[in-house]
Amino acid sequence: MTVHSPRLRNSSGAELNLRSQILFQDQTRTRTSDLVTAVGSWHKTYVHESSHWARYHGSTVGILLSLLRRTRDQLAAYTISHLPRQDVEHLHEDRSSGLPFFSFERYPKHAQGELKYSELDWLNLYFAYYLLLDPEGLTEFDTATWDMRAAMEHSLEDMWRQGAGTEMVECPDDVRVGIDGPLKLVHTSEGPLTTRVLFECAAVLDELFQFEGAFIRKSDPALREFLLEVLNGEYGMPCRLARALAGRTLGGSTVLALIDFALNPVVPGLNSDDPSVDWKELYPPYRFVTAAKAMTSWETDLEFQYPSHEATVHFQHMLAKRSGLRMGSVASRLSDLSTLREAATTPMHLSARTPAVSLMCASRLLALRERDVCSISHYGVNFLGERATRLIKPDRDMQWLFPVFQVSQGEYRWPAEHVGLDEATDLLIGAAVASAYDDILHGVGPLAHDHLPRSLFDDVGQVEALNQVLKDSTGLDMGWHRT
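In short: position in the sequence shown from 1, add 196, done, that's the numbering used here.
In short, the hints are calculated from the structure, not lab data.
Fair warning: there could be bad hints in the mix.
As the list claims (entries may be wrong) - Straight-line distance between alpha carbons at most 30 Å, and here's what the computed DSSO-like set of lysine-lysine pairs gives:
| id | residue 1 | residue 2 |
| --- | --- | --- |
| 1 | LYS489 | LYS517 |
| 2 | LYS476 | LYS517 |
| 3 | LYS380 | LYS667 |
| 4 | LYS667 | LYS312 |
| 5 | LYS476 | LYS380 |
| 6 | LYS489 | LYS476 |
Claimed, not checked - If you anchor each label on the Cβ, the simulated ranges turn out as follows:
| id | residue 1 | residue 2 | range |
| --- | --- | --- | --- |
| 7 | GLU289 | HIS505 | 55 to 61 Å |
| 8 | SER292 | GLY581 | 55 to 61 Å |
| 9 | GLN282 | GLY209 | 31 to 37 Å |
| 10 | GLN358 | HIS677 | 29 to 35 Å |
Ideal placement from N, C-alpha and C gives every residue a C-beta, glycine not left out.
Take the sequences, apply the hints, and build the full model.
What follows is the structure, encoded as structure tokens:
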């Protein structure tokens, strides 16, 4: 059994892997002898690749997912490091027999001691993460038999308690998170609407925005036709659904604003110390549906003018009134780190380094959102007109619009102006170890590595060194390229 690897994809093959927070670039870009078309193709594709990073880290749902993942990984690290010898033997026996140590189908497997509670808490955190992002990461058995409400409420509670006073607001001692209303997914005639699909639809619309620019308009018209064809598939589902719910055609700028509204839910402990939230206000697909319905007989400035900060903020304010849903925000500081170097060198558990980078970037992007919401909600406009000149030498907040770590042709890439080789390596090791916890507890067979640079595993010496770090961290004789 291979553990699901969450990712936000590009229609041409690139992806932001959420397990490692690394952008895997697409190397197959359009081949053409027409220089303008070749550059235009590369440009629009890079916009799509990088928009996932900015939109994910610049939204409250992205922050929520990062915190849920950190809580799950730190619980896994604690659980594994405190396993009695007998349970370590059981873990190896289970995995060699093709049975995950923690499994929804076999729960409750562990009936005694701390392990009994760790098993339930970890499974709840795993379930809550994929329920919010994309239930594709869960089996039909998982979603049919697991207590959805308990998983969400307990996971939000655990996350809040862990982050209280730092990434999140102070948590009352007796807090009990409550989710009101029926917890249902959003099903359409085309299939389920998920948070992942909202991200991916927005990225295609960002690409289409590039054809407003004078340069790319000179490229082969087939580039734009290809994107329109992409929107006829899964990525365009939100556009078609919004049109059906509103009862009229909605332009790309308006759909992007609806998606941004959907991706910024109210989260207990992030928005305020109110522990109660309605499922329709928390779950991005439901937020999108409710927001689209509010567009009936309401025409906004975004439908007639180029997106601006003022017009988008006004749209969000009016949409909140018309839909009855609040726009999520973050009342806490999120991160005390100011540089990537600090994320690599500040003493912390290996499992905390990747979320530390994510939360630091999120804090910068939220500051940018306050000044220029369109830089995130309508990401594609960053590359047009006068806005594009800001990227020649990005200021401290603008630089966080782009993925920090990338893989190109299997090779690991990092911003050399911010971290050196040793620091970039430490951050990569942190991502590798933290992502291994899911495989150890919920998978079988060799540890997965499709979310890490391929070149890392081409050298036997590097693999053995990485395996030793994992063994030192977990106490388990387990690693990559091993069963």
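Outcome of the hint check:
no., hint, in the structure
1, LYS489 with LYS517, "13 Å, holds"
2, LYS476 with LYS517, "15 Å, holds"
3, LYS380 with LYS667, "41 Å, violated"
4, LYS667 with LYS312, "24 Å, holds"
5, LYS476 with LYS380, "9 Å, holds"
6, LYS489 with LYS476, "13 Å, holds"
7, GLU289 with HIS505: 55 to 61 Å, "58 Å, holds"
8, SER292 with GLY581: 55 to 61 Å, "60 Å, holds"
9, GLN282 with GLY209: 31 to 37 Å, "46 Å, violated"
10, GLN358 with HIS677: 29 to 35 Å, "33 Å, holds"
Comparing the model with each earlier hint shows violations of hints 3, 9; every other hint is respected.
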